[in-house]
Amino acid sequence: MPCFFFILDTSASMSTRAHPQFSFFDLAKNYIETFIKVRSRNDTRMMMGRENDRYFLSTTSGKYPENVKVVSEKAPIIVVEELRKLVLPYGTAQLHTAILDAFKVLHVNRAQTGIDGVGTGRVIQNSEQIMIILLTDGSGIAGIPSEFQLFFDPPFLGSEMTKEAFRWDQKLYTVVFRIPSTPYRPTNSQLTLIDIDHVTIEKLCAKTGGRSFSIVSVRQINTSIDHILMTATQHKIGVRFDCLPTIPGTVTQDEVNRLKAKFKKVSDKKPVTNLISRLNPQGRPVTCHWVIPESYFPVRAMDNLPQRTAHPVILCAPKPLPLTIRNDLPLDKLELEMGGVTEIIMEILQGRRDLCVWENSNGSDEYSA
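Under the numbering used here, think of the first position of the sequence shown as 1, with each following residue one higher.
Calculated from the structure, these hints are not laboratory results.
Heads up, the beta-carbon is just placed ideally off N, CA and C, and yes, glycines get one too.
Hints should not be assumed to be uniformly reliable.
Just the calculated beta-carbon pair ranges, DEER-fashion [said to hold, decoys possible]:
hint, residue 1, residue 2, range
1, Ser146, Asn30, 25 to 33 Å
2, Pro183, Gly117, 51 to 59 Å
3, Arg219, Ile348, 16 to 24 Å
4, Thr192, Pro306, 25 to 33 Å
5, Asn304, Gly138, 42 to 50 Å
6, Thr182, Leu334, 29 to 37 Å
7, Asp195, Asn304, 40 to 48 Å
8, Ser146, Gly119, 29 to 37 Å
9, Gly138, Leu86, 35 to 43 Å
10, Asn30, Pro298, 26 to 34 Å
11, Pro298, Gly138, 41 to 49 Å
Input sequences plus hints: build the corresponding full structure.
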């Protein structure tokens with residue numbers, strides 16, 4: 001069930017005129033309308049699960065919840081009608097507050113459905129495809145504090161169970177309009193691969209598994225829309241990879257340190273790796289037999305459950321370990337997104353197709369397969 005949450009910067013800086021004589025505010029509203037049209041067109045790549053799409057819209061004007069204009073609407077025309085009511089941008093924008101407000105709206109809905117399943121593990125078929133798309137300009141990005149982190153302070157609904165403000169199936173994309181007022185002809189490489197924006201906003205997006213787009217030409221708008229929509233055609237959930245701190249068997253500490261260094265180098269550039277689930281004809285992920293377990297085992301002696309991270313952390317050994325798979329046990333197949341983490345794992349497996357996964361199941365420092 002794909003969800004598209006648009007955050008529209010309505011501050012006065014969005015009235016800046018760009019070539020060809022349109023303001024950034026006009027371009028941002030047109031971006032949302034074009035996005036909806038492309039999603040609704042008769043394209044087989046976009047049709048799967050499209051009837052279950054939900055749309056959200058919020059602005060940077062006012063405080064939560066007054067700034068939320070559309071909530072969980074299946075009719076995209078409602079979003080278009082609300083956009084037409086927004087005539088002139090004014091005032092200032094606190095984009096970091098608007099981002100957290102978007103997560104608040106989403107978490108109210110999650111609390112009603114209970115899909116997080118805290119304490120019982122993470123169920124892939126109970127996840128959603130949520131894409132938050134922030135539309136702003138360079139002035140809005142400059143107003144985000146460099147020390148800003150995606151945490152709720154004070155705590156909000158569900159934050160006592162998850163450290164970060166986002167969840168593993170929520171991705172933040174930021175479209176930053178930096179179109180010059182003078183005519184500019186982008187290169188062919190800029191039309192096919194759009195540059196990321198300022199490091200502050202790019203780091204925030206990367207932590208959720210999304211990215212930023214630095215738009216320097218109106219010809220890049222459709223490229224960014226296609227990138228986001230093609231991501232929506234697959235059901236992706238974000239995970240992180242790291243090395244086991246202690247490993248049974250004959251594995252030296254040097255091997256552990258080398259693997260840790262490799263994962264750190266990759267995670268500094270791209271902290272989140274996606275697992276891709278197959279979809280059923282209704283556009284929902286197929287039912288998995290196994291959950292991704294918690295990092296602890298709940299026992300009666302616990303007064304409170306520990307906080308989980310937004311993305312589950314999968315720990316790997318630096319070399320293949322003996323593994324026996326029983327034929328009478330059902331198996332789940334998930335595709336690992338191509339990237340630096342995939343290359344590391346393929347190097348570890350050395351051509352093997354099985355991987356032993358270790359989990360901490362009793363709260364101690366010992367791991368079991």
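We went through each hint and held it up to the structure:
1. Take Ser146 and Asn30: their Cβ atoms lie about 31 Å apart, and the range 25 to 33 Å holds.
2. Pro183 and Gly117 have their C-beta atoms about 53 Å apart, which keeps the hinted 51 to 59 Å range intact.
3. Distance hint check for Arg219 and Ile348: the Cβ-Cβ separation is about 42 Å, which falls outside the suggested range of 16 to 24 Å.
4. A hinted range of 25 to 33 Å is violated for the C-beta pair Thr192 and Pro306, which are about 45 Å apart.
5. Checking the proposed 42 to 50 Å range against Asn304 and Gly138 shows it holds: the Cβ atoms sit about 43 Å from each other.
6. At roughly 48 Å, the beta carbons of Thr182 and Leu334 sit outside the given window of 29 to 37 Å.
7. Between Asp195 and Asn304 the beta carbon distance is about 44 Å. The supplied range of 40 to 48 Å therefore holds.
8. One distance hint, 29 to 37 Å for the beta-carbon pair Ser146 and Gly119, holds here, with the actual separation near 35 Å.
9. Remark: the range hint 35 to 43 Å for Gly138 to Leu86 is contradicted by a beta-carbon distance near 21 Å.
10. A hinted range of 26 to 34 Å is violated for the C-beta pair Asn30 and Pro298, which are about 50 Å apart.
11. Against the hinted window of 41 to 49 Å, the Cβ-Cβ separation of Pro298 and Gly138 comes to about 47 Å, which satisfies the hint.
Of the numbered hints listed earlier, those contradicted by the structure are 3, 4, 6, 9, 10.
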